[in-house]
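Student: For reference, the chains in residue letters:
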Amino acid sequence: MATLATHFKTALSNIEPTEDAKNAQSAHAEVTAALEADDLLVKLGVDPLLIGSYGRHVSIRRVKDVDVFARLSKAGKDLRPGKILDHVEAVLEAAFPGRITRQHRSVMVDFPDYDLSVDVVIARPCGDHWEIPEKIEDDGNARWVETNPTKMAELTTQSNKDYLLYDDDPGSGVYVPVVKLVRQIRRVWVDDQPGGYFFEVLTYHAFSNVNPNETTYAGYLTVVLREIADLLADVADEGLDDPTLEGKKIKTKATAEQLVAAADRIAEAATLAEDALDAEDCPAAVKWRELLGTTKNTTTEDYVFPLPEYCNADGTRKQASAVTRGASTVPAGSGRYA
Amino acid sequence: MSSSWQSDLVAEADSWRARLGELGFGDDGHRLRGDLAWQHPVHGLVRARIEVELTDRFPFAAPAVRVLDPGTTMELTFHVDRPALPGLHGNLCLWDGSAHSVDAAPWREPQILLNRVRDWLKQTAAGWPDDDVCDLERYLVQDADTFVLYDADVLTGEVGLYKTAPGPTPRTIEVTGNRRPGVIALRGPQQLHPKDRGLAWIDDLGEVSSPPREWADFAQALGRADEVTRLIALGAVGYLLLRYSRNGHRAALAVAVQRGGPVPSITACESADTSLATRSMRAGNTAVELADVRIAVVGAGALGSFAADILFRSGVRRLTLIDGERLRPGNVVRHLAGSSDVGKYKVTAVMDRLAATGFDVGKVEWRNQDVIRLGDAVELVKAHNVVLDATAHAGASSLLATAADIVGAWTGHTVISACVQRKGDIIRADRFPLRRAEQHLPALASEPVRAGVREAGCGEPVSRTPPAAVIAAAELACRMIIDEATHQCALPATMADVRRPQPDPPFDRLGLLTPDAVSVPVAL
Amino acid sequence: MIHSDARQTINQAAGRAAPLEAGGLLLGWWDSDRVIVRSAVEVVDPAASGTSWIRRENLAQEALDRAIATAGHPWMGYVGDWHSHPAPCEASAQDLKSIRSASRAYPQPLLLIVHRSGGVLDIRAARRGRSQTVLEVSA
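Those sequence lines, one after another, are chains A, G and B. First residue of the first sequence: 1, per the working numbering; consecutive thereafter. First residue of the second sequence: 1001, per the working numbering; consecutive thereafter. First residue of the third sequence: 2001, per the working numbering; consecutive thereafter.
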C-alpha cells in the first residue's frame, strides 16, 4: 500500500497553473477594461465574468485559453447577435490592434506575451439564466441557446465542500484536486477528444455515483478513475448528462470511435492506478509517474509525479544506506585464476 | 541529484506516513489526521481527533502533534505550545528534545508516538499530578525584547507595587526592592508623573493548576485584580511579576502589560533571579566550604590570573593576589585582563575582572610587591591555607617551597607550585611540603629560552607557551588547591600533564603523570 | 575506487612472486553501486605456478579475518580478488569465469584486479554471476 502523500502533493503543485493564473488575471482585466469603456456596451449592461475551467479553478498547466462571458444584462429580446458581435469585435480591435480573431460565436483576443488567448462570448439574460448565440446567420440573426456557465462553478464549489479529506476541515476539499488530476490524465491518456470539460463532468458524476470516502488523494483518484472508466463505456450509446441543465446532454466533438477508445484507455489507466495503490512505494511511484505523465504545452515536458529520492527510475529502491560493508566471508570453495 | 542521506530521510518519512496511514490516518501530503482511542480516567474509552505533521526536522525532532478534539470535555492545560495563530491548535510537548539522540528517538516508531499522545491525554485529564515543570511563559505571547531581572530573596512574600530600574544592558529591566508607597492617581488633566510609569506589580499565584493564557485568567487569579487593572489603565503598572509553584517547585513569571483596548495586552518576558543563591548555584559543590578558606596567588600573570579567576568563581572569597608588575599590551593575549586594563598593576587588573562577576570582592586583598625574602614567604604561608606559586620563576618558587617545608606538613598550610614547561608541552603542579612516603616526579629541565624572544629593554625572556596550555595549567593547579583547601587530600604530590611526549622518561608518554604510577596514565 | 595502499600491496607481492603468480583478496566496501577497494592482502597459494593462482577457502578466510581484525575499520570486508600475471596478458577466460562464479554469493558486485607485468592493472567486475562493465576507476 503506497499512497506517497507528500509526492502526490508535489504532483498537484506541478500541474497548478501558477504562472498562467497571473497572466490570465491580467489578460481578463485588460479585456474587461476595454469592454467597459464602450458606451453602447455599458448601455447594454456589460458585466464580464470569467468562466471555463480557469473560472472554476480546475484548470491545469498550461492554460492556453481563458473564457470570458460578456453578460449584457440589459439586452432585450430584439438584440441581434451578429450586430453586437461586430461591435464587440470593433471595440476589441481598437484596444488590441491586429490581435483579434472573429470566431463562430465569439471574439478571440490573442496575448502573445502570455502565450494565451481570451475568448469573449456574449450572453443575454433569459429568465433566471443566460442565452448565447448558437449559429449566427448572414443577416446577423441567430438562434439563441440556453446556457448556464455559472452553474458548473456552483456545483464545483459545492462538491469541493461535500467531499473532504478531513471531515473536520472544510479547507480539505478533494473534488477540485481530483478534477485537476483527471484533466491531466486525460491529456496524457486520451487522444484529443473528448475534451477536458467532458472529463470534468465525468468526474462530477463519478463523485455523485460512488460517494467516495478515502484517506488520500491517491485513494480518491483511484476510485474515481475506475468509475469514470465505467461511465465512459456507456457514454457512446447513452450520452453524458449535463449536470447544469436538467434533461440535457453534454455536447462533444468526439466521435463514437473516439469515445470507445477513450473508455479503453481510461480503463487501462484505472487499472494502473489500482496497481499503484497496492504496490510497494518505489514500484508505486513509477506507476503514478506513468499515470500522470508529463506537463503538456510547457517549454520542457516535466514529469508531474516526482520520483522519490530513494527510488530508481526502474522502480527499484536505492540502497537504504549508501555504504554496505565488505563481506565478512570469502567465496566458498576455491577459485582458480590463470 | 540528491545525496543518499537526503533520500534516506525522505524514505523514512514516507514509510512513517504510510504506517500511520495503515492505522487509518488520512494524509494530504502535509498533515495527517486521524482518530486516537484513549482511556479517560472517568469517562472510559474515548476517541480523540489528532493532527500529525512531519516537519523538516524529522527524524531529529518529533513530529508536531496537535489535538483537534480530545473526544471529551476537557481543557488542554500544560505541555502544549501556544498556537502559531489564534484559532489554531498548539503543538503538544511530548518529549524533551535534548534527551534523545536520533538513533534512539522513540518518535521514529509511529505506534510509540501514538502511545505517547495517549499518555499525554491521560495526564491532561488527571491534571498532570506529578508535574513540576515551571514554564508558564510558553503559554503566553512572547516578548522577545524585554528581559526582567528580580531578586527572589528581596521580593519573597511581598505583594504590591514596586519600582523598576534599567538593567545592566539595554532592553533589560530590574524590579527593585523599593516599594512605591501611597496612592497613584491622575492629578486633574495632568499626566502621570514619569517616575510612576512602568512600575511592577508583584503578586503570588500560589499553586497553579492551569496555565494562564489571557488577561481574564490573570484577573481571576490576582487578589486585587481591580486595583491592578486600574493601575495598568493609568499606565502606572508596566510589568507583573508573579510567583507561583507547581507541585511545590517555586518559580516566577514576568509579564509585560500594556493598556489600550478593552483589556490590557500581555506578553511574557524572559526573566531571571539575581539572588546570590541563584547566582552561586553553578559554582560547584565545594563553593560553601571554599568561602572561608584563605588562598594566596603569588604571580598574577598568565597562569595566576586564570587560577585566581577559577578559584573566585568556585567560591573562594578570601583571596590574596601578589604581583609587582604592571600589565603590558603583550601580556593581554595570555591574561585574564583585557586591553582596557593595560598599565594597571596586574593584581588590580585581576581584581577588576573578579569584581565584574558581580560577587563580593570585599575580602580579596592585593599587594603590588613581589615576595623576595624568606621571612615574608614563611609569613605568607602561615597566613593562608594554600599558597599558589604561579611565578614561573625558579628563585621565587624555591623561596615558597622552602617556606612550606619550614612551616611543615599537616599544619594546614600548603604551597602548590604550578608551571608550564617546554612551550606548553608539559604542564605540572607540585605540592609542598611532602607528606610521609610521598615523592615528587623528577624535575624536567626547561629548555633554555632562545635569545631574541624578549620584549624591548632588559626584561625577562618571553615564554612561547600558547594560551591553552596556560589555562590548562591554571585548571590543574586549581584542582590541587581545592583538593587541599577542602581537606580531601586525594591527589598526589605532583600532577603532570604530558601534552606532547618528550624524549626524557617518564615524560615520554601522552597523558597525566603522577609519582605513584609513573608509567601508567591515571584517569581522574 | 582503488586506494593506493591496495595498488602498492599488489605491486609488491607481484614483484616478489615473479616469475610465479601471486594473488589475494581485495578489501573495502560498497558505496551505492561503487566498489571501494581500500587495501589488498596476499593469500599464499602453495601450489602457485607461472600460470595459475588458486584462492583456497581456508587460507583466504583466515587472511580475511586477520585483515578485518587489524584494520579496525567498521566497513572493511571482502570485495573481490586480485592476482598477478607475470606475462603482459590481460584477464583470461578462466579468470572471468572464476570471478563470475564467486560473485553469485553476494548481492553486490565483486572486483577482479589482474596485475600485468609492467604494473598495468586490468580491472573487471561481476555481479550475481554476470560480468559487469567497470565504468570508471579512480585513484
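Keep in mind that the hints were calculated from the coordinates and are not lab data. Hints may be right or wrong, so weigh each one.
[Unchecked claim] Here are some chain A residues pointing at chain B (derived, C-beta under 7 Å):
id	residue
1	K9
2	A33
3	A34
4	S117
5	A263
6	V323
7	R325
8	S328
9	V330
10	P331
11	Y337
[To be verified] For lysine to aspartate or glutamate, the following EDC-like pairs were computed, each having C-alpha atoms within a straight-line distance of at most 16 Å:
id	chain 1	residue 1	chain 2	residue 2
12	A	K22	A	D67
13	G	K1163	G	D1196
14	A	K296	A	D115
15	A	K318	G	D1008
16	A	K249	A	D264
17	A	K83	A	D67
18	A	K77	A	E16
19	A	K318	B	D2031
20	A	K64	A	D115
21	A	K9	G	D1008
22	A	K151	A	D241
23	A	K318	G	E1012
24	A	K318	B	D2033
25	A	K22	A	D65
What you are looking at is a predicted structure, and each value in this text was computed from that prediction instead of being measured. For every residue, glycine included, the Cβ atom is placed at its ideal position computed from N, Cα and C.
Student: Taking the hints in turn, state whether each one holds.
Tutor: Now the hints, each set against the structure:
Because the closest C-beta pair between A/K9 and chain B is about 28 Å apart, greater than 7 Å, the hint is violated. The interface hint given for A/A33 is violated, since its Cβ lies 58 Å from the closest Cβ of chain B, which is over the 7 Å cut-off. Interface restraint check: A/A34 against chain B, minimum CB-CB distance 60 Å, threshold 7 Å, status violated. Interface restraint check for A/S117: the shortest CB-CB distance to chain B comes to about 49 Å, outside 7 Å, so the restraint is violated.
With 7 Å as the threshold, the beta carbon of A/A263 stays out of range of chain B, its nearest partner Cβ sitting at about 43 Å, so the hint is violated. Given hint, A/V323 at the interface with chain B, holds; its Cβ is 5 Å from that chain's nearest Cβ, closer than 7 Å. Using the Cβ-Cβ criterion of 7 Å, the hint placing A/R325 at the interface with chain B is satisfied: the shortest such distance is roughly 4 Å. Below 7 Å, beta-carbon pairs count as interface contacts, and A/S328 has one with chain B at about 5 Å; its hint therefore holds.
Interface restraint check for A/V330: the shortest CB-CB distance to chain B comes to about 4 Å, inside 7 Å, so the restraint holds. Restraint check, A/P331 versus chain B: the minimum CB separation of about 4 Å is within 7 Å; hint holds. At its closest, the beta carbon of A/Y337 sits 4 Å from a beta carbon of chain B; the interface hint therefore holds under the 7 Å criterion. Of the pairs offered as hints, the one joining A/K22 and A/D67 holds, with about 15 Å between alpha carbons and a cut-off of 16 Å not exceeded.
The hinted pair formed by G/K1163 and G/D1196 meets the criterion: a straight-line CA distance of about 8 Å does not exceed 16 Å. With a CA separation close to 14 Å, the supplied pair A/K296 and A/D115 stays within the 16 Å bound. Of the pairs offered as hints, the one joining A/K318 and G/D1008 holds, with about 9 Å between alpha carbons and a cut-off of 16 Å not exceeded. For the hint linking A/K249 to A/D264, the alpha-carbon distance of about 22 Å lies beyond 16 Å, and the restraint is violated.
A distance of roughly 21 Å separates the Cα atoms of A/K83 and A/D67; the hinted pair therefore is violated under the 16 Å criterion. Between A/K77 and A/E16 the alpha-carbon distance is near 41 Å, which puts this suggested pair outside the 16 Å criterion. A distance of roughly 11 Å separates the Cα atoms of A/K318 and B/D2031; the hinted pair therefore holds under the 16 Å criterion. Between the alpha carbons of A/K64 and A/D115 the distance comes to roughly 7 Å, so the proposed pair stays at or under 16 Å and holds.
Under the criterion of a C-alpha separation no larger than 16 Å, the hint pairing A/K9 with G/D1008 is inconsistent with the structure, at around 20 Å. Of the supplied pair hints, the one linking A/K151 and A/D241 holds, its CA atoms being roughly 14 Å apart against a limit of 16 Å. Proximity of A/K318 to G/E1012 is assessed by CA-CA distance (about 13 Å); at most 16 Å being required, the pair is judged to hold. The straight-line distance between the Cα atoms of A/K318 and B/D2033 is roughly 9 Å, inside the 16 Å bound, and the hint therefore holds.
Between A/K22 and A/D65 the CA atoms are separated by roughly 13 Å; this keeps the pair inside 16 Å, and the hint holds.
The structure is inconsistent with the numbered hints 1, 2, 3, 4, 5, 16, 17, 18 and 21, although it conforms to all the rest.
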